[in-house]
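Visitor: Below are the chains, spelled out letter by letter.
Protein chains: 2
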Amino acid sequence: MRLGAVLLASGAGRRFGGNKLLAPVEGVPLIQRALEAVPAELFCRAAVCSPYPEVLALAGERGFLPLYNHRAREGISTSICLGLSALWDMDGVLFAVCDQPYLTINSIIHMINAFRDSPASVCALAWAGKRGNPVLFPAELFPALSALTGDTGGSAVIKAHRDRLLLVEAGSPAELRDVDCPDDLFPA
Amino acid sequence: MRLGAVLLASGAGRRFGGNKLLAPVEGVPLIQRALEAVPAELFCRAAVCSPYPEVLALAGERGFLPLYNHRAREGISTSICLGLSALWDMDGVLFAVCDQPYLTINSIIHMINAFRDSPASVCALAWAGKRGNPVLFPAELFPALSALTGDTGGSAVIKAHRDRLLLVEAGSPAELRDVDCPDDLFPA
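Heads up: the sequence lines are chains A and B, in that order.
No gaps in the numbering here: position 131 of the first sequence is 1052 in the numbering used here, and each next residue is one more.
No gaps in the numbering here: position 142 of the second sequence is 1063 in the numbering used here, and each next residue is one more.
Hint data in this document are derived by calculation from the structure and do not stem from the laboratory.
Every residue, glycine too, gets a C-beta built ideally from N, C-alpha and C.
Mixed in with the good hints there might be a few duds.
Facing chain A, a subset of chain B residues (Cβ under 7 Å, in silico) [said to hold, decoys possible]:
(1) S998
(2) C1002
(3) S1067
Beta-carbon label-pair distances, calculated as ranges [to be verified]:
(4) A:G1071 to B:S1076: 23 to 33 Å
(5) A:E1061 to B:E975: 18 to 28 Å
(6) B:A1068 to A:E1090: 40 to 50 Å
(7) B:P1040 to A:R983: 43 to 53 Å
(8) A:G984 to B:E975: 39 to 49 Å
(9) A:P960 to B:G1092: 32 to 42 Å
(10) B:G1050 to A:E1061: 46 to 56 Å
(11) B:K1051 to A:A1081: 32 to 42 Å
(12) A:T1070 to B:E1090: 38 to 48 Å
(13) A:A1065 to B:I1026: 33 to 43 Å
(14) A:G984 to B:I1026: 27 to 37 Å
Let's have the full structure, built from the sequences with the hints guiding it.
Guide: This is how it looks when you write it as C-alpha cells:
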C-alpha cells in the first residue's frame, strides 16, 4: 500500500501577526515541529504546500516535495488540491495542519497502522471521541477532495462519508490543540 | 544556474478524438516523443502536468515529477501554474507542449545554452524569425506566469516583455509543427 502525506502550511495567521509557522514553541518553530511529527520517511511520497519560500526550503531539506501554493489566499482547498496533484497515485493520503505543536510521531504511526487494517476508512486523530487533525483519506475520496473550493477543507468530505470515519485516539488531548495566536500557548 | 522544465500534457485534442498524446507518430506515441526530446536529465527538476494517468505514469518512469492537473479543463494556465508550484525555486523554467513530434533534443540544448548566456531573456524556439514553442522563462516572470487565468498561455507574458525575447533558431521548420489531428500528419 502506497501512502502519501500533505502538510498544509498556508496558515496566514492574521491573528498571530506574520508567518506563525516560523514562530517558536518551546524553542522550535511550528513548521519544524510539524516536519518532525509527520516525517517524510514514513510515507511513499510527502509534500508541503505553502506560499512561504522559507517554509518550503525547510521542507525540501527534510525530504518533502515543496509545492509553492500561488493560490493560498483563495483558501485551504487550493492546498488540498495542489497536494493531491503530486500524490494522485497513492492509495491513501494523510493531511496534516502545521499548527499542532504537540502532535507526536506515535500518533501518526497509529493512524497509518489503523488505515492499513481498514483501507477504505477515513482515519482521523481524535480525543475522547472528538475528531481532530490529521486525517488520512483513501484514494476513493481524492476526487471529492480535489473538487473542494474556497476555504472549505476536508471536513466537508468527512461529513459526506460519515460511515467511513475511524477515530484513532491520540496519546493526549494536547496533541489536537492548535495554535492560532501566541496567547494560546503563553497566556499572560 | 538551476533550470527546470514543464511539459504541458493536457491536450484534450477534441478535434483529434480521445487522448491525442497516446497517438503514435511514426510508431512512437506523441507523449513519448516529447519525453525524449525534452529529457528530465537536462534539467535540475522536470515535471509533466496532465489529467491523464497513463501519461503521468510514463512521465514518472522517465524521471519527471508527474503532476495530476485536476483543473485541466479550465485551460492551459492551470498547467502552467501547477508546474511552477513544483519549480518555484528554479532560475528559469522551460515550458514545452507535447504535440510537436519533430522537436529535437538538440534544439532544447541550444535553448538552454542561449539562456545561460542571457539569463534575463525569454528564449523561444523559432524558425525564420517566427516564434514557436518551447519557451524558457526567467524566474522574474514566474509571478506573471502563475497569475495567468483560463486558457491564456505564456504568449500573453511574452507580449508584455517583448524586449526580453531571444529567438533560438530550430534545426528545421518541422520542429515547430504541432499536431492537432491525425490528418495534420497523414493527409488522405
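Visitor: Against this structure, judge whether each hint is valid.
Guide: Taking the hints in turn, this is what the structure says about them:
no.: 1; hint: S998; result: 11 Å, violated
no.: 2; hint: C1002; result: 6 Å, holds
no.: 3; hint: S1067; result: 4 Å, holds
no.: 4; hint: A:G1071 to B:S1076: 23 to 33 Å; result: 30 Å, holds
no.: 5; hint: A:E1061 to B:E975: 18 to 28 Å; result: 20 Å, holds
no.: 6; hint: B:A1068 to A:E1090: 40 to 50 Å; result: 45 Å, holds
no.: 7; hint: B:P1040 to A:R983: 43 to 53 Å; result: 30 Å, violated
no.: 8; hint: A:G984 to B:E975: 39 to 49 Å; result: 28 Å, violated
no.: 9; hint: A:P960 to B:G1092: 32 to 42 Å; result: 48 Å, violated
no.: 10; hint: B:G1050 to A:E1061: 46 to 56 Å; result: 53 Å, holds
no.: 11; hint: B:K1051 to A:A1081: 32 to 42 Å; result: 52 Å, violated
no.: 12; hint: A:T1070 to B:E1090: 38 to 48 Å; result: 45 Å, holds
no.: 13; hint: A:A1065 to B:I1026: 33 to 43 Å; result: 41 Å, holds
no.: 14; hint: A:G984 to B:I1026: 27 to 37 Å; result: 31 Å, holds
The structure fails to meet hints 1, 7, 8, 9 and 11 from the earlier list, while all remaining hints are met.
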